[in-house]
Amino acid sequence: MKITISQRLIIMPKEEDTRSKLSPRDRQVLKEISDGFTDPGKIAEKLKIKEVSVISSAEGLAEMGLISLDKGVEEVCALTEEGARYAEIGLPERRILEIAGVEGVPLSEIKDPALKVGIGWLKKKGWATVEAGRITPKGDALPGKDEEILEALLFQGETSGSALDEEALKLLKSRGLVESRSEKSWSFEITDAGRSALKMAEDSSRSSSAVFDYVAQITPDMIKNGVWEGKYVDYKGTRYEVRPYDVTLPAERIYPGKVHPYQRLLTRMREIMLEMGFTEIKGEIVQSSFWNFDALFQPQDHPAREMQDTFYLDSRAEIPDYASVKEMHERGGDVGSTGWGGNWDPEVARRKVLRTHTTSVTIKYLADHPNPPVKAFSIDRVYRREAIDPTHTPEFEQLEGVIMDDGLSFANLLGVLKGFYAKMGFDEVRFRPGYFPYTEPSVEPEVYIEGLGWVELGGAGVFRREVTAPFGIERPVLAWGLGVGRLAMLRLGLKDLRLLYQSDLGWLRDMPLSTRM
Amino acid sequence: MPVVRLYYEDLEEMVGASRDLFMARIAMMGADIGKSDEEDYVDVEFFPDRPDLYSSEGVARALQGFLDIKVGLPEYHVHPGEIALKVDPSVEGVRPLIGCAVVRDLEFSDPAIESLMDLQEDLHWGLGRNRRKVAIGVHDISRVVPPFTYFAADPSFKFVPLDFDESLSMAEILKRHPKGIGYATILEGFDRYPLIVDAKGDVLSFPPIINGELTRVRDDTRDLFIDVTGTDPVVYKALNIVVTALAERGGRIESVRVERAEGDLTLPDLSAAIWNVRVDDANALIGFDLSAEEVAACLERMRFGAKVRGGPGADELEVSVPPYRADIMHSWDIFEDAAKGYGYDNLTATLPGTVTVGEPHPIEVRKADLRDVMVGLGYLETMPFTLTSEMVNFERMRRRSRDLEVTRVLHPISELHTMVRTSILPSLLEIIAINQHHPLPQSIFAVGDVLEGGRTRQDLAAASIHSSADFAEIRSAVEALFGELAIEVEIRSSEDGAFLEGRRGDLMVGGERVGSFGEFHPQVLQSFGLDMPAVGLELRWDRLWPAGRSRL
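Chain order of the listed sequences is F and X. Take 1 as the starting number for the first sequence in my numbering and just add one per residue. Take 1001 as the starting number for the second sequence in my numbering and just add one per residue.
What the hints contain is simulated information worked out from the structure, not anything from laboratory work. A hint or two may mislead.
[Unchecked claim] Using 27 Å as the maximum straight-line C-alpha spacing, the simulated DSSO-like pairs for lysine-lysine come out as follows:
| id | chain 1 | residue 1 | chain 2 | residue 2 |
| --- | --- | --- | --- | --- |
| 1 | F | K231 | F | K258 |
| 2 | F | K50 | F | K124 |
| 3 | F | K282 | X | K1179 |
| 4 | F | K199 | F | K50 |
| 5 | X | K1158 | F | K418 |
| 6 | F | K258 | F | K71 |
| 7 | X | K1179 | F | K495 |
| 8 | X | K1179 | X | K1158 |
| 9 | F | K258 | F | K418 |
| 10 | F | K258 | X | K1367 |
| 11 | F | K199 | F | K236 |
| 12 | F | K184 | F | K170 |
| 13 | X | K1367 | F | K423 |
| 14 | F | K111 | F | K173 |
| 15 | F | K326 | F | K423 |
[What the hints assert, rightly or not] Chain F regions said to be covered by chain X (calculated; three or more residues, Cβ under 8 Å):
| id | region |
| --- | --- |
| 16 | 28 to 42 |
| 17 | 94 to 106 |
| 18 | 109 to 116 |
| 19 | 231 to 238 |
| 20 | 272 to 282 |
[What the hints assert, rightly or not] Sample of chain F residues at the chain X side, in silico, Cβ under 8 Å:
| id | residue |
| --- | --- |
| 21 | M200 |
| 22 | G226 |
| 23 | W228 |
| 24 | Y262 |
| 25 | Y435 |
Source: prediction; values computed, not measured. Even for Gly, the Cβ is constructed at its ideal location relative to N, Cα and C.
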């Protein structure tokens, strides 16, 4: 039989005898084993291929009976720190014996606790009697197998456990003087069948009348024109077998493109808000102090407005007509508030900041939409002047939702919070009094998390009249927000917030897409 | 937030309840309980709007109400005193306001002294804006001779400040004393400094910096003189908080006559402020349905005085606000306390009936599309910081900074975060740089905010690195991307320094440049510490579609 090899048809030699079912790689590996290489690492190095390829080849060869393959777990032994010391200065029982000499020694003279441990061993090994408070040597006390091992390990370093006396090794390990770890080991040896197969393969590759009837890669033409029967195909007048693979072998890893796990959490939260009927809003990163602070009735000398907490920019913003806000800060407007007193300065309100909360966007939206009902939310990045550490970053995501309508109450806010957290998967929620400068009443929701207990997650409240009145908002506004990073840490089991932003690609690749957010 | 250390034994005695009882309820009064492994105390954080809770005495007083041990307005009797303090007009432009009081017959235990010192410090922080607005001095009155004088002295005036054994001038104190160094900025620009002296000219205090050593409070101190100075009427509130806390310890309050050009004051003024509030308003805001008597009971539990005005079914309450409360600005502040008195845990959480149809923001909808395309192309999403530096954003990218477009922050936390990014690609290269130990190819992308001339814009950036990354690869990605977005793009040769000459393109949509792509210039790769070929693209996409809330 003879066919022409087309470029796209890769065909292997085949004979009745399985021994010739050798791919070029199998043959190379077999050759190396025949040359006396017994472990896959060395062969891989020599052939400049991956070790895993050598192992897969060898496994095939072993199946065909061409090599014998010893796949085992080898125990590698080494001295512990204590073991190494004893290997140098001798075991405690040996040292006591040296002290005791021929006459023996009173027990009371063995004071060193490091030596005392040897007394029991003296008795066990039958090297001495301990009677009436005196150690009396007996017999020759020849060096034991355990001492031989200590010495061997001291000079050879790591040694295979199989080369050492089993009993003595067990004893040393129980005394904590020797430790061991397992290493996978492979050992190949060519069989007689292997030798003849190798010879045959070498002969056949030299021979010009090679027999080709083994197909590695199926071609389009083969599919179109071949007549198939199981794994056999009659093609262009010849019968071929499609070469079977070892399907259990691992493949090279590929990494699919994925959405960031944190983004999936953000997306889930957006979905929840949309499901609850909220409209998504967005705004500028750069805000005037007016919208970021003053509109929210934060006094101009409030500590949160200081340089060390807020990123200020070196420029001034346009601000809207501020008369009503100024009046509210200074005298409390006409809603029955005392105001903050003092003098409200529009220049301070014009200072630009990187928004410190999404509430700056919310209040602007409410000012533009003062009529009920309004249900709005945003999830966006906010900025605080914090040094970076595992639990603080200078920028992070905040979720915020507001509802404005006739007749809303604080109890309604608690209802919305319960609904929201239940949708987030937190069935147990409790409410503690809280404090935020622009809400009254204020509340800190806590959720129950197995293993952690009650965890504070976000803040909420009813916008103060001092906040809403200057913008003509006459209905109650229920508002709540939370830092999403904290939730992400809980959900993703993160200890370090920075991983979300300065991501380790290994972490991203390994985080399963099916992780529920 | 201020942390108050509560010694269980001390507090049990003051409250008249067991630690188990008050620890179970204290959080519902408005507090964050710290973790404490200690046997004999616990650290509790209180909110910045309640400086009256910055002392264990204040906490005990509130707990007594909250636990129904002693409810209603606390009564403090101010005994008429003989002591006067004269305010010299010279303090007018420097530190005009002063409030004083005398508290006698005190017996200081260790927890009591600790509590008083902590209260002072927390008030300096919470109400005092680091002593600028309010500063408090506490003195052993037996060491000095009234009447006292508050005036602005020449900085060369000398006395022995607290913790020193030598006389220093006030100017020297600002330079040498730790407190002087710490608070000198408050007195910057003044040529005379505030000072309180006694009849003999001995110094009690150099507010807001330091007391004199002479009036140091010792174990055996029984009678205190308290001065609170500042720039805002809140000084009188701070005085009330300190004085009532000491009264809770059994002190006897005596008034001081503060003689001023604009009229004398007799301080402390511990009268309650009266607020008339409507029960309907409270019910509407909180969402409970209580009678006037029930709301009054809730308020009394929070140590307000509350009287129902009118007969049965009356809707109005006359509420007396304790003189130490600094947070009552509006009737809602009182209603919140009614809710706390009722117990947040007793409120019925009910969903509001507001029905609306939600709508996603078009930007987020587009972002989701972009993620779909990039993920489909095998790119992994990242979410880098938006704060960056000009070094990374421009220099390493071989791009020139155009000043008008850059948003720099005034006081960066580090030189790595001096501005908000104008481009996302540099951050992607940074992420790739820290991930070179992971297998290649690495293909990553990010969508998100950038700032251009202070305005928030939207970018998509992607980068891919491996030994055979080339122009064809990124060009294919660009084609696929624009194909999926159904946007016609024209590709022109580019001048973008980030990419290699002859292997870079500009993305033109409707005649406008909206981005660029290509093979990264090897100098760019070198500057990020990369030694593999890499390609990238960046697209400013927010104006590719007509603005507005289109059906998407």
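(message) Hints numbered earlier in the text: which of these fail when held up against the supplied structure?
(response) 1, 2, 3, 5, 6, 7, 9, 11, 15, 16, 17, 18, 19, 21, 22, 23
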